[in-house]
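In order, the protein sequence lines correspond to chains L and G. Numbering-wise, this note's numbering puts 334 at position 334 of the first sequence, and it's gapless, one number per residue. Numbering-wise, this note's numbering puts 196 at position 196 of the second sequence, and it's gapless, one number per residue.
No lab work stands behind these hints, which were simulated from the structure alone. Some hints here could point you the wrong way.
[To be verified] Derived coverage of chain L by chain G (criterion: at least 3 residues anywhere in the stretch with Cβ under 8 Å from a Cβ of chain G; other residues may be distant):
1. 384-398
2. 523-532
[Said to hold, decoys possible] Taking lysine-lysine and the DSSO-like style, the derived pairs with C-alpha atoms no more than 30 Å apart in a straight line are:
3. Lys136(G) - Lys65(L)
4. Lys34(L) - Lys193(L)
5. Lys144(G) - Lys154(L)
6. Lys221(G) - Lys154(L)
7. Lys500(L) - Lys58(G)
8. Lys221(G) - Lys144(G)
9. Lys130(G) - Lys221(G)
10. Lys426(L) - Lys144(G)
11. Lys429(L) - Lys58(G)
12. Lys500(L) - Lys426(L)
13. Lys144(G) - Lys126(G)
14. Lys58(G) - Lys125(G)
15. Lys58(G) - Lys136(G)
16. Lys110(G) - Lys221(G)
17. Lys144(G) - Lys130(G)
18. Lys58(G) - Lys126(G)
19. Lys126(G) - Lys110(G)
20. Lys58(G) - Lys110(G)
Idealized CB from N, CA, C, for every residue including glycine.
Each chain is listed here by its residues.
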Amino acid sequence: MAVMEAPLPQARHAVRWDKNRGLMSWLTTVDHKKIGIMYLYTTFFFFVVGGIMALLVRVQLAEPKNHFLTEAQYNQVFTMHGTTMIFLWVIPVLAGFGNYVVPLMIGARDMAFPRINALSFWLIPLGGLVMYSGFLFGGTGSAGWTGYVPLTEKAYSPQVGQDLWILGLHLLGISSMLGGINFLATIHNMRAKGMTWFRLPLFVWSVEVTAALVVLASPFLAGALLMVLLDRQAGAAFFAVNHGGNALLYQLMFWFYSHPAVYIMILPAFGIVSEVIPVFARKPIFGYRAMAYSMAVIAVLGFIVFVHHMFTTGLPLPVQTFFSATSMIIGVPTGVKILNWTATLWGGSIRYDTPMLFAVGFLLMFLIGGVDGVYVGSLAVDYALHGTYWVVSHIHYVLFGGSVMGVFSGVYYWFPKMSGRFLNEKLGKLHFWIMLIGLNLAFMPMHILGMLGMPRRIASYNDNRGWGDLNSISTFGAFMIAISVAIFLINFFVSLRSPKNAPDDPWEGNTLEWATTSPPPQHNFDVVPEVRSTRPVRDMRRAARPVGV
Amino acid sequence: MTVVASIPAFVDMSPLHPAGPVANHINDVFWPLFWVSVVVTTAVSLTILYSAVRFRRKADDEEPVQTHGNNKLELGWTVVPFLILISLFILTAANMRVIASTPSNSMQVKVTGERFAWVFDYGVKKSNGKELTTVKDFYVPVGKPVALQVVSIDVNHSLFMPNIDGQINAIPGQTNHIWFQIDRPGDYTGQCTELCGDGHWVMDLTVHAMSPSDFDAWLAKQTGNSSASAALSGAGGQ
């Protein structure tokens, strides 16, 4: 029968899959692993660019009345620093890990929608380039990463760079939403046999919750940005008070996205640390269900705390009081997580390879970022600290001390899986210690600056304020961070050229990515193992050993 | 008006050095929160560090006891943080009752934020019939509550007077309200804390808190009317 002639297209398929080397294979790939690696390269590139922006900011603020940058340049530079680090680094780098690791962890062949996955990735460099191209056209966006109206209205930010900033952010938002839908479809439908919800690795849980947040919240940012764009380019008046618009509306829409976005920026890092700590402590995660539930609770509560960014906008007292209460209570699930991670260390047999150093560093730094956030959740104290360097310190302890330490823990942890090679441990430890000290020197003085009343986003300050010395220390710390990142990059490129020395399961891992080769074949698994617990690879190791060992 | 003030060598903008009741109430929340957070952070950090060091792997270490959790412990460290945080919320809410209640005898001043200055309108007329306004310098009597109506004519600003009352945003299209009282005469510095453009960092202000008699004399001089203080709204309560 002619219908049975089918093998021909299949064979062609197989040939195409083998073509997985060379530039074109990267440009045209729909393989989640290659896409994940491209996410990581792209986002690390933007991390370095955003870091250069940060160094420019720190040089400008190192001493009072500095003229290193003009005010207009300063506003562009700090705007691009914030926007880059949030939308081109933290959010997509975590999505990059999700891309690489989630299908492997759940025993899937690929993401549910591989082509959409490729589109999600390619929108990121595009969005970044659109945003940064403002430098070629008389200046980028300069209204901060929050882009409040009316400052972003045409009358106050006439440069085309502000439009490019909006368009770039739109592209990144589309990328996020497509990625979110893809993660949900993958996790819901493509889990290996026996992988029930409560056998799902916590990293997958964190990506699931993050993806839900992305899908539910991002449309509000997209809407707000579209309204600004229409105001600027089409004569709309959503936010123009003289024409019946409302300036505060933007903040409500922006924060309805951007507070959940804070959890989008930290939950996958929770997930990474929840994988690393049990492996290196050789114990199961303490309170698996509590860890999963607490992420879900954080996601739900995350939608009803956003007004704490707006305590000083003159909203009615009962509204403010309600959101102050919820903002305090969201500290509870976060506290549970920190204590459960600590309890996982307790009684363990901990080995300190670099991934674990970063994980413990994450615990200590994120603790500070969690506690100093309670201050600005308290309505009364927020009146004094809102808009000051306290907030800058808080966001950096959460996003650098938390998310970035988590990212590096993940990089050192999964690099052997991705490349078949270890990163150099000596350089890794040097990277960790310089980064840990540098980040505290950079961000701890900002707490004190907040208590001394230094406003954020100021291009300079008078020398009679008493802020100079602390700013100098902070700048010194920022350069230490830069050195530590340089050490990491050297380590990365040197290790990539060294011989393949990593076994399939170098850390005695728990989750399915360690059940395949390093790096995994294009189809991920020759045989997908059946899952019987939260630690299938440990089960396999034990089954392979003689009884009693 | 021209007051040639010399630039002070040091300006104290710390919200933790309060100069009146509103700032005092903010500090009444800040300091308990501070000590609780110091104790919690220290205790948890030490526990993390102790566990991290004490349970290092030794050579040929056996797989440790595989503890999967402990419901009682976990319930404990859910309830305890909840109680701590709720207590801090109650402390906040209690102090907000004062912070958010403007006394009825307050002197009324309209504050306008505009790029890049603050304009203060005292609601009394000068001898030439115009409203008495000052720019960047704000004159108030000590011991007298002052209620501000804060507006903006361009972009968002934030009127941050850290020693006095924290801050309130100036947002176009709406009038925001805040009150304060200063108990010690002196000059207090404030600054805009909401990004408003290139000149954001120079958008500061000085609050001159004067004794009531000095303030009356200042007002009389500005208005050319020796009984101008009686014309201030809210003057009845002085």
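Hints, verified against the model:
1. 384-398: With 5 residues close enough to chain G, the hint holds.
2. 523-532: With 0 residues close enough to chain G, the hint is violated.
3. Lys136(G) - Lys65(L): Holds, because 20 Å separates the two Cα atoms, which is no more than 30 Å.
4. Lys34(L) - Lys193(L): Holds, because 25 Å separates the two Cα atoms, which is no more than 30 Å.
5. Lys144(G) - Lys154(L): violated (42 Å)
6. Lys221(G) - Lys154(L): Roughly 43 Å separates the two Cα atoms, so the pair is violated.
7. Lys500(L) - Lys58(G): holds (28 Å)
8. Lys221(G) - Lys144(G): holds (20 Å)
9. Lys130(G) - Lys221(G): Distance ~14 Å between Lys130(G) and Lys221(G) Cα, so the pair holds.
10. Lys426(L) - Lys144(G): Distance of about 65 Å is beyond 30 Å: violated.
11. Lys429(L) - Lys58(G): holds (19 Å)
12. Lys500(L) - Lys426(L): OK: Lys500(L) and Lys426(L) at ~18 Å, within 30 Å.
13. Lys144(G) - Lys126(G): Holds. Lys144(G) to Lys126(G) sits at ~22 Å (cutoff 30 Å).
14. Lys58(G) - Lys125(G): At roughly 83 Å apart (the allowed maximum being 30 Å), Lys125(G) and Lys58(G) break the hint.
15. Lys58(G) - Lys136(G): Between Lys58(G) and Lys136(G) the Cα gap is close to 66 Å, so the pair fails against 30 Å, i.e. violated.
16. Lys110(G) - Lys221(G): holds (20 Å)
17. Lys144(G) - Lys130(G): Holds, because 25 Å separates the two Cα atoms, which is no more than 30 Å.
18. Lys58(G) - Lys126(G): violated (84 Å)
19. Lys126(G) - Lys110(G): holds (16 Å)
20. Lys58(G) - Lys110(G): Outside the cut-off at roughly 70 Å; violated.
The earlier numbered hints that this structure contradicts are 2, 5, 6, 10, 14, 15, 18 and 20.
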